[in-house]
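K.L.:
Line by line, the protein sequences give chains Z and L. Numbering of the first sequence is given in the numbering used here, commencing with residue 6 and proceeding in unit increments. Numbering of the second sequence is given in the numbering used here, commencing with residue 572 and proceeding in unit increments.
No wet-lab data here; the hints were simulated from the structure. Because the structure is a prediction, the values reported are computed rather than measured. For each residue, glycine too, the CB sits at the ideal point set by N, CA and C. Fair warning: there could be bad hints in the mix.
Taking lysine-lysine and the BS3-like style, the derived pairs with C-alpha atoms no more than 30 Å apart in a straight line are [what the hints assert, rightly or not]:
id, chain 1, residue 1, chain 2, residue 2
1, Z, Lys-300, Z, Lys-336
2, L, Lys-811, Z, Lys-319
3, Z, Lys-277, Z, Lys-295
4, Z, Lys-176, Z, Lys-237
5, L, Lys-811, Z, Lys-184
6, Z, Lys-184, L, Lys-800
7, Z, Lys-300, Z, Lys-362
8, Z, Lys-156, L, Lys-811
9, Z, Lys-149, L, Lys-811
10, L, Lys-800, Z, Lys-176
11, Z, Lys-156, L, Lys-676
12, L, Lys-604, Z, Lys-277
13, L, Lys-604, Z, Lys-319
14, Z, Lys-237, Z, Lys-300
15, Z, Lys-362, Z, Lys-176
16, Z, Lys-277, L, Lys-683
17, Z, Lys-237, Z, Lys-277
18, Z, Lys-184, L, Lys-676
19, Z, Lys-211, Z, Lys-68
20, Z, Lys-151, L, Lys-800
21, Z, Lys-295, L, Lys-800
22, L, Lys-604, Z, Lys-176
23, L, Lys-683, L, Lys-760
24, L, Lys-676, L, Lys-623
25, Z, Lys-300, L, Lys-811
26, Z, Lys-68, Z, Lys-205
Now the in silico label distances, taken between C-beta atoms and shown as ranges [claimed, not checked]:
id, chain 1, residue 1, chain 2, residue 2, range
27, Z, Asp-331, L, Ala-836, 19 to 29 Å
28, L, Ser-628, Z, Lys-210, 47 to 57 Å
29, L, Pro-756, Z, Ile-224, 21 to 31 Å
30, L, Thr-846, Z, Asp-202, 26 to 36 Å
31, L, Ala-664, Z, Lys-358, 54 to 64 Å
32, Z, Asp-331, L, Ser-825, 14 to 24 Å
33, Z, Lys-254, L, Tyr-759, 13 to 23 Å
34, Z, Leu-281, L, Met-744, 27 to 37 Å
35, Z, Gly-50, L, Arg-832, 49 to 59 Å
36, L, Ala-836, Z, Lys-210, 57 to 67 Å
37, L, Pro-638, Z, Pro-213, 44 to 54 Å
Residues of chain Z placed beyond 10 Å of chain L at every Cβ, according to the derived structure [stated by the list, open to error]:
id, residue
38, Tyr-60
39, Leu-91
40, Leu-100
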Amino acid sequence: MTELDVSQFCPKGDVLVVAEQILGELQPVTMELLGAGRLLADKMGRTLKCAVLGYNLGDMPNKLIEYGADVVFVADDPELYMYRTLPYRRVLVDLLESLSEPPHTCLLGSTTTGRDLAPRIAAHFDTGLTADCTELDIGPYEHKSKVDPSKVGLYPNCLYAIRPSFGESLKARILGPWKNPQMATTRPGVMIPLKPDPGKKGEIKKIPVKLLPEDYRLIVEETIREASKGIKLTEADVIVSGGYGLGSKDGFDLIRELANCFENSAVGASRKVVDLGWVSYQHQVGQTGKTVRPKLYIACGISGAIQHRVGMSKSGTIIAINKDPDAPIFKFAHHGIVGDCYHIIPEMIRQFKELKKAERGVKAVVSTH
Amino acid sequence: MAYNIFVLVKQVPDQGSKAGINPDGTIDRARAKRMLNPFDRYALQAALHMKKAYGGSVTAISMGPPPAVEVLLEALEHGVDRGFLLSDRRLAASDTLATAYALYKTVTYVGKFDIIFCGLQTTDGDTAQVGPQLAERLGLPQISYCEDFSIQNGKVQARRIIEGGVQRVLTEMPVLVTVANSYHPLEYKSFRGAWRVQQLQRRQDELKQYIQTVDLDIVGADSERCGLKGSPTIVAATEKVGDIGGNCTMHEGSAPETLVRDCLANTNINEFLVTSTS
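Okay, chain L solo, but in the shape it has when bound:
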């Protein structure tokens, strides 16, 4: 059985880097260092694992401004077969609902699939909404917070996280899966994969066979349902949250015994100790 495996990836600002972080805390996306959304690394691993274990091909799909092609190249290096980038100025300021709509049109345009893997959430939005909203648009069952899965008789058996526990579920395909970060970390890209992509980047014509950039017209999306117009929510105001603490009482330069004694004397830490029962 050759499965058609889709994986959704997003390029996000690297929050570990100071580049492009304005003094008011907002992001200057043009100057910020860019990276593959850390959560998507698990989705990518799941897609590649499925291909390796059960056969098929992996298609990575992304939405974003032109530089987002970088995450598709990265996916290619890891062993993804092809990529699609939905890029269109009319998508600017899309909220999760508008994003899910645009991705729905893109997924439908790309073609038939058995399974769609998504990261649990993104580090720039942190909503975890786009996956389930896309599943709703596609009318699919979903497995969110998936931390392991296998294919049994053409069905997906998965373990997913629930509050204070786990659940084992079984579902037919097609299905949308959001992968938790307790899934296996993404394996290092192979030297061969990296070399191949390096060669491809020198031959743009050939690269186009692997990575296609599409816009709203090509995928047949209604631009009224995208971007600011298609978004039912807006960010009305932002305010910077001040640093908490800020007045750290330092204990240093003495023997551990003194340091600990000083610290304990100045905190309420003792209140939390296990009360002796004997």
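Chain Z with its partners taken away, still in its complex shape:
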């Protein structure tokens, strides 16, 4: 099939991003979604809309415009102060039904909130939803399969929702051009936000909040933010992870000590040691844990099974320490040290301290001048 100039087709519907805020704090994934959504909207020559739900949102709608939105729908109501599935679902369903045409594309973050909310909206509208996308694009698609003759045809502007599948050894391009909105969630930290433009003009529209009695079936009794309890794995620049090769729970004292040598660092762990209770689930990196991409990842006593690898293989620099020279982790790490963690890590910490001392020495010399 020859490449089509998709811009000649005017698709129906705009691009809608559902913003995410927690207790008045706009989540980074929202700016990333606006960056991705802007590219899609421009490619189709449509507008980028954004819906934000919450209470006392203040200047937030303007911020969304600065980050790329043309139109911001604002639902500001005490009932929306904290995220709850049913009230948020109600407001968004009502918004989508009130539009003269459904959006072409609807994007949410694949956070605990987005993954809770997006499937409800998609199921309500009987439309397709692709989870955890790492790339989005607009392009043509020709459906030839005659299983369902009503679907056969050439679709000039489809949302390409691209995501890793089967443990990330494959990338799948998932399409659903038969019904709008075509929905997708994207992984936090993957899409690139635009630089905020304080001069950008946009339109802010208040939308009604009309909840039904059944929307109140769940009450949030308490929300506890754990931001103060150390740096989140997904936001750390450096992650030091420990695995079963450490031999015991005590090994994590060493892992923490090494992590403390770095700025903006966090402690990670393999599935096995989390299952054994050496550290809590919040630290788990991998398929059933978190997907991380720090600038530096140090894997200590981790063999590097596919389940772990899929959660960290996109890290900037990967350094692996393992006794076994044949450990799979050495197949995809950038630097491998073959040795006992209990010898290598203390030596590493010692050399860091030495470096620091040397640095301080230099500074002291400079300051005497």
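Given the coordinates of chain Z, assemble chain L onto it according to the supplied hints.
P.N.:
Relative to chain Z, chain L alone:
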């Protein structure tokens, strides 16, 4: 109070095993080693815990080709009371929306329930969508990412994970709960449970009283809304992602001091060190 507790389980290919993994990275499901979706182990534990602590019976429900009965047998070994398998060729290539529809019809067919536990996601799809989509079809409130729960005056009180924290919620039943893997790991099956299922497998007639296989017609599902036809999404293309790195610089065979020095000299690791403030 005897609660009707449902738990949804799925059989997935064992990705830790090399069997059935094609060179292009796709799965040959017929040859792949099969296992209970690891996330469902937490859902199963939650269902069994609820039965033990508050009373009631546990029904496990699965959808898949005939071999998926294995995960229902496994659930039975762990103490589940009965199982239903929805198996139908017309379900092939169902996406999450079509799957949620088929499960909705099955759940409704099986009967009255107070609570449905699901795993957070599956390891072969990784979408975490089917639970909430099923809740939407059933018109239920949901508690996703649940990591602990108790029943207080007939209501479910739960702790769920949110971005950078946790939330305590309270809701009435019926409710759908997706269980996070920070919940208690599944306890080992009892010898008695395993023995009982072993005996049952020898008496297929009796086994049928515990595990029923149903199809789309029995549960009253519209086949147009299942399988490829009922799926709004399709996989249009796949491509293999190349191995990253692949050129690991190895440091071995010397004293730790030399190994570490060599490694540090060849990386940008120093850039990330805590800058001294004193």
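K.L.:
Decide, hint by hint, whether the structure agrees.
P.N.:
Okay, the hints, checked on the actual structure:
Taken as a hint, the Lys-300 (chain Z) and Lys-336 (chain Z) pair is honoured in the structure, with Cα atoms around 19 Å apart against an allowance of 30 Å. The suggested pairing of Lys-811 (chain L) with Lys-319 (chain Z) holds, with an alpha-carbon distance near 15 Å, which does not exceed 30 Å. Only pairs whose Cα atoms come within 30 Å are accepted, and Lys-277 (chain Z) paired with Lys-295 (chain Z) is accepted, the gap being roughly 14 Å. Of the supplied pair hints, the one linking Lys-176 (chain Z) and Lys-237 (chain Z) holds, its CA atoms being roughly 27 Å apart against a limit of 30 Å.
Restraint check for Lys-811 (chain L) and Lys-184 (chain Z): the C-alpha separation of about 28 Å stays at or below 30 Å, so the hint holds. For the hint linking Lys-184 (chain Z) to Lys-800 (chain L), the alpha-carbon distance of about 13 Å falls within 30 Å, and the restraint holds. At most 30 Å may separate the alpha-carbon atoms for a hinted pair to count; Lys-300 (chain Z) and Lys-362 (chain Z) meet this at roughly 24 Å. For the suggested pair Lys-156 (chain Z) and Lys-811 (chain L), the alpha carbons sit about 27 Å apart, so the restraint of at most 30 Å is met.
Proximity of Lys-149 (chain Z) to Lys-811 (chain L) is assessed by CA-CA distance (about 23 Å); at most 30 Å being required, the pair is judged to hold. A hinted pair counts as satisfied when its Cα atoms are at most 30 Å apart, and Lys-800 (chain L) with Lys-176 (chain Z) qualifies at roughly 23 Å. Note on Lys-156 (chain Z) and Lys-676 (chain L): the hinted pairing holds, with a Cα-Cα distance of about 25 Å set against a maximum of 30 Å. Restraint check for Lys-604 (chain L) and Lys-277 (chain Z): satisfied, since their Cα atoms lie roughly 20 Å apart, inside the 30 Å limit.
With a C-alpha separation of about 28 Å, the suggested pair Lys-604 (chain L) and Lys-319 (chain Z) falls inside the 30 Å cut-off, and the hint holds. Our distance criterion of 30 Å between C-alpha atoms is met by Lys-237 (chain Z) and Lys-300 (chain Z), whose separation comes to about 14 Å. Restraint check for Lys-362 (chain Z) and Lys-176 (chain Z): not satisfied, since their Cα atoms lie roughly 47 Å apart, outside the 30 Å limit. At roughly 38 Å between alpha-carbon atoms, Lys-277 (chain Z) and Lys-683 (chain L) are farther apart than 30 Å, so this suggested pair is violated.
Distance hint between Lys-237 (chain Z) and Lys-277 (chain Z) is fulfilled; the C-alpha atoms sit about 20 Å from each other, no more than 30 Å. In summary, the hint linking Lys-184 (chain Z) to Lys-676 (chain L) is supported, as the alpha carbons are separated by about 23 Å, within the 30 Å threshold. Restraint check: the Cα-Cα separation between Lys-211 (chain Z) and Lys-68 (chain Z) comes to about 16 Å, which is no more than 30 Å; the hinted pair holds. The suggested pairing of Lys-151 (chain Z) with Lys-800 (chain L) holds, with an alpha-carbon distance near 10 Å, which does not exceed 30 Å.
Between the alpha carbons of Lys-295 (chain Z) and Lys-800 (chain L) the distance comes to roughly 34 Å, so the proposed pair goes past 30 Å and is violated. Simply put, Lys-604 (chain L) and Lys-176 (chain Z) have alpha-carbon atoms about 22 Å apart, close enough for the 30 Å limit, and the pair holds. Taking the CA atoms of Lys-683 (chain L) and Lys-760 (chain L), the gap is about 27 Å. The hint holds against a cut of 30 Å. Restraint check for Lys-676 (chain L) and Lys-623 (chain L): satisfied, since their Cα atoms lie roughly 28 Å apart, inside the 30 Å limit.
In summary, the hint linking Lys-300 (chain Z) to Lys-811 (chain L) is supported, as the alpha carbons are separated by about 24 Å, within the 30 Å threshold. Distance restraint check for Lys-68 (chain Z) and Lys-205 (chain Z): the Cα-Cα separation of roughly 10 Å lies within the 30 Å cut-off, and the hinted pair is therefore satisfied. For Asp-331 (chain Z) paired with Ala-836 (chain L), a C-beta distance near 25 Å keeps the hint of 19 to 29 Å intact. Range check, Ser-628 (chain L) to Lys-210 (chain Z): about 51 Å between beta-carbon atoms, so the 47 to 57 Å window is met.
A beta carbon spacing of about 29 Å between Pro-756 (chain L) and Ile-224 (chain Z) agrees with the range 21 to 31 Å that was offered as a hint. Take Thr-846 (chain L) and Asp-202 (chain Z): their Cβ atoms lie about 33 Å apart, and the range 26 to 36 Å holds. Roughly 58 Å separates the CB atoms of Ala-664 (chain L) and Lys-358 (chain Z), a value that falls within the hinted 54 to 64 Å. Range check, Asp-331 (chain Z) to Ser-825 (chain L): Cβ separation about 19 Å, and the 14 to 24 Å hint holds.
Lys-254 (chain Z) and Tyr-759 (chain L) have their C-beta atoms about 21 Å apart, which keeps the hinted 13 to 23 Å range intact. Taken as a hint, the range 27 to 37 Å holds for the pair Leu-281 (chain Z) and Met-744 (chain L), whose Cβ atoms sit roughly 34 Å apart. Between Gly-50 (chain Z) and Arg-832 (chain L), the C-beta spacing of about 58 Å keeps the proposed range 49 to 59 Å intact. In this structure the hint that Ala-836 (chain L) and Lys-210 (chain Z) lie 57 to 67 Å apart at CB holds, the actual value being about 58 Å.
The supplied range of 44 to 54 Å is met by Pro-638 (chain L) and Pro-213 (chain Z), whose beta-carbon atoms lie about 51 Å from each other. With a cut of 10 Å on Cβ distances, Tyr-60 (chain Z) stays outside the contact zone with chain L, its closest approach being about 16 Å. Interface exclusion of Leu-91 (chain Z) from chain L breaks down, the closest Cβ pair being 6 Å apart, not more than 10 Å. Against the 10 Å criterion, Leu-100 (chain Z) stays outside the reach of chain L, whose nearest CB is about 17 Å from its own CB.
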